[in-house]
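Peer 1: Kindly generate the complete structure, drawing on both the sequences and the hints.
Residues in the sequence shown are numbered from 1 upward in steps of one, following the UniProt record's numbering.
Some hints here could point you the wrong way.
[Said to hold, decoys possible] Derived CB-CB ranges, DEER-like:
#1 T56 / I20: 45 to 55 Å
#2 P13 / E35: 29 to 39 Å
#3 V29 / A9: 28 to 38 Å
#4 D2 / A27: 32 to 42 Å
#5 A44 / I20: 30 to 40 Å
#6 R47 / I25: 43 to 53 Å
#7 P13 / E53: 51 to 61 Å
#8 M42 / V17: 35 to 45 Å
#9 Q51 / V29: 49 to 59 Å
#10 G18 / D43: 35 to 45 Å
#11 L8 / R36: 55 to 65 Å
#12 I25 / G3: 32 to 42 Å
Hints were generated in silico from the structure; no laboratory data involved. Keep in mind that this is a model prediction, so the values were computed, not measured. For each residue, glycine too, the CB sits at the ideal point set by N, CA and C.
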Amino acid sequence: MDGLTAALAAILPSIGVGLIFWFAIRALVNADRTERQALARMDAEERRAAQQEAVTTNEESKRDRLTSE
1 MDGLTAALAA ILPSIGVGLI FWFAIRALVN ADRTERQALA RMDAEERRAA
51 QQEAVTTNEE SKRDRLTSE
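Peer 2: In structure tokens form, the structure reads like this:
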């Protein structure tokens with residue numbers, strides 16, 4: 001039994017460090033995924049706003065041309 005205890009005492013620190021490393025990497029990957037999703041939402045919102053602005057500008061220029069004729 002003393003040999004088993006010594007073996008566990010030798011392996012447990014490595015397992016603990018491995019688990020800490022795994023949790024840290026998992027947190028980094030999740031944070032990266034969340035950031036990418038947020039950036040994609042912001043990019044989509046900017047594209048929608050630019051598209052809406054282009055449509056509004058186009059309508060205004062058509063109206064200006066019609067009223068100046």
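Peer 1: Hint by hint, say whether it matches the structure.
Peer 2: Now for the hints, and whether the structure bears them out:
1. T56 and I20 have their C-beta atoms about 54 Å apart, which keeps the hinted 45 to 55 Å range intact.
2. Distance hint check for P13 and E35: the Cβ-Cβ separation is about 33 Å, which falls inside the suggested range of 29 to 39 Å.
3. The hint said 28 to 38 Å for the Cβ distance between V29 and A9, and at roughly 32 Å that hint holds.
4. For D2 and A27, the hinted distance range of 32 to 42 Å is satisfied, since their beta carbons lie about 38 Å from each other.
5. At roughly 37 Å, the beta-carbon separation of A44 and I20 lies within the given 30 to 40 Å, and the hint holds.
6. Judged by the Cβ atoms, the range 43 to 53 Å given for R47 and I25 is violated: they are separated by roughly 33 Å.
7. Taken as a hint, the range 51 to 61 Å holds for the pair P13 and E53, whose Cβ atoms sit roughly 59 Å apart.
8. For the pair M42 and V17, the supplied restraint of 35 to 45 Å holds, since their beta-carbon distance comes to about 37 Å.
9. A C-beta distance of roughly 33 Å is found between Q51 and V29, which places it outside the suggested range of 49 to 59 Å.
10. In this structure the supplied range 35 to 45 Å holds for G18 paired with D43, their Cβ-Cβ distance being about 37 Å.
11. Taking the beta carbon of each, L8 and R36 are about 41 Å apart, not inside 55 to 65 Å as hinted.
12. Checked against the hint of 32 to 42 Å, the C-beta distance between I25 and G3 comes to roughly 33 Å, which is consistent with it.
Violated hints, listed in ascending order, are 6, 9 and 11; each of the other numbered hints is respected by the structure.
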